[in-house]
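What follows is the residue order along each chain.
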Amino acid sequence: DAGVIQSPRHEVTEMGQEVTLRCKPISGHDYLFWYRQTMMRGLELLIYFNNNVPIDDSGMPEDRFSAKMPNASFSTLKIQPSEPRDSAVYFCASSLESGRANIRTFGSGTRLTVV
Amino acid sequence: QKEVEQNSGPLSVPEGAIASLNCTYSDRGSQSFFWYRQYSGKSPELIMSIYSNGDKEDGRFTAQLNKASQYVSLLIRDSQPSDSATYLCAVYSSASKIIFGSGTRLSIRP
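Chains as they are written, first to last, in my numbering: chain D, 4 to 118; chain B, 66 to 175.
Incorrect hints may appear among the rest.
[Claimed, not checked] Some, not all, of what chain B presents toward chain D, calculated at C-beta under 7 angstroms:
1. 111
2. 159
3. 165
[What the hints assert, rightly or not] With a Cα cut of at most 35 angstroms, we get these calculated DSBU-like pairs of lysine-lysine:
4. 27/D with 107/B
5. 107/B with 71/D
6. 107/B with 132/B
7. 27/D with 121/B
8. 71/D with 121/B
9. 132/B with 67/B
10. 67/B with 162/B
11. 162/B with 71/D
12. 81/D with 162/B
13. 27/D with 71/D
14. 107/B with 162/B
[Unchecked claim] These stretches of chain B come out as covered by chain D in the derived footprint (C-beta under 8 angstroms, 3 or more residues):
15. 95-108
16. 166-174
Since the hints were made in silico from the structure, they are not lab data. Note that beta-carbon positions come from the ideal geometry of N, C-alpha and C, so glycine has one too.
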């Protein structure tokens, strides 16, 4: 199993540009999560999907952020326009629904720097 | 009050000693509790999960849960330099969300 695959690993972009982060979850996992990690705020849940449907996007900071999951094997997180305060590591994670044991498997993350 | 609180550290422990990491949570309805380890520049990886009051042991790791006190801890016996990392406490809340603490940075000194 290749695990959760994210791309790109690093992204440097100029303020105002559009940024798209990509994620391929583990095959068979019904849940997909997007997290953002910063030193100041720690690991924050942005949005999660169940069976490709967005369930809770209350963590999405602003309308500049959007996420899609067009099929079971692919999801994107888009920031448009990007701002320097969006600089963070963005993790995608997936899991099986198994009662209380909602164990997440994380991808390697995308380190985003907005200058 | 944060939903999941951890001391940010750094916690410095000599090699071979016991490292004790603590976590408190605010939601009394929480049912599942997890410890993740995150090496610098890497993603979090699950190392322990616990669901019932008491202790759960896995190799050098022991997770302890006290629901009455809303307290979870992780003990690492015979600490090794390779245990140096940030340890994240995570709680599956009654709102069906996993909430992560901000993590405790652990440093094992030779």
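These are the hints, each one checked on the structure:
1. 111: holds (6 angstroms)
2. 159: violated (11 angstroms)
3. 165: holds (4 angstroms)
4. 27/D with 107/B: holds (18 angstroms)
5. 107/B with 71/D: holds (25 angstroms)
6. 107/B with 132/B: Holds. Residue 107/B to residue 132/B sits at ~31 angstroms (cutoff 35 angstroms).
7. 27/D with 121/B: holds (33 angstroms)
8. 71/D with 121/B: Violated. Residue 71/D to residue 121/B sits at ~39 angstroms, over the 35 angstroms cutoff.
9. 132/B with 67/B: Holds: residue 132/B and residue 67/B sit about 17 angstroms apart, inside 35 angstroms.
10. 67/B with 162/B: Answer holds: residue 67/B to residue 162/B is near 15 angstroms, not above 35 angstroms.
11. 162/B with 71/D: holds (20 angstroms)
12. 81/D with 162/B: Status holds; Cα separation ~23 angstroms.
13. 27/D with 71/D: The given pair, whose Cα atoms are some 12 angstroms apart, holds under the 35 angstroms limit.
14. 107/B with 162/B: OK: residue 107/B and residue 162/B at ~23 angstroms, within 35 angstroms.
15. 95-108: holds (count 5)
16. 166-174: holds (count 3)
The structure fails to meet hints 2 and 8 from the earlier list, while all remaining hints are met.
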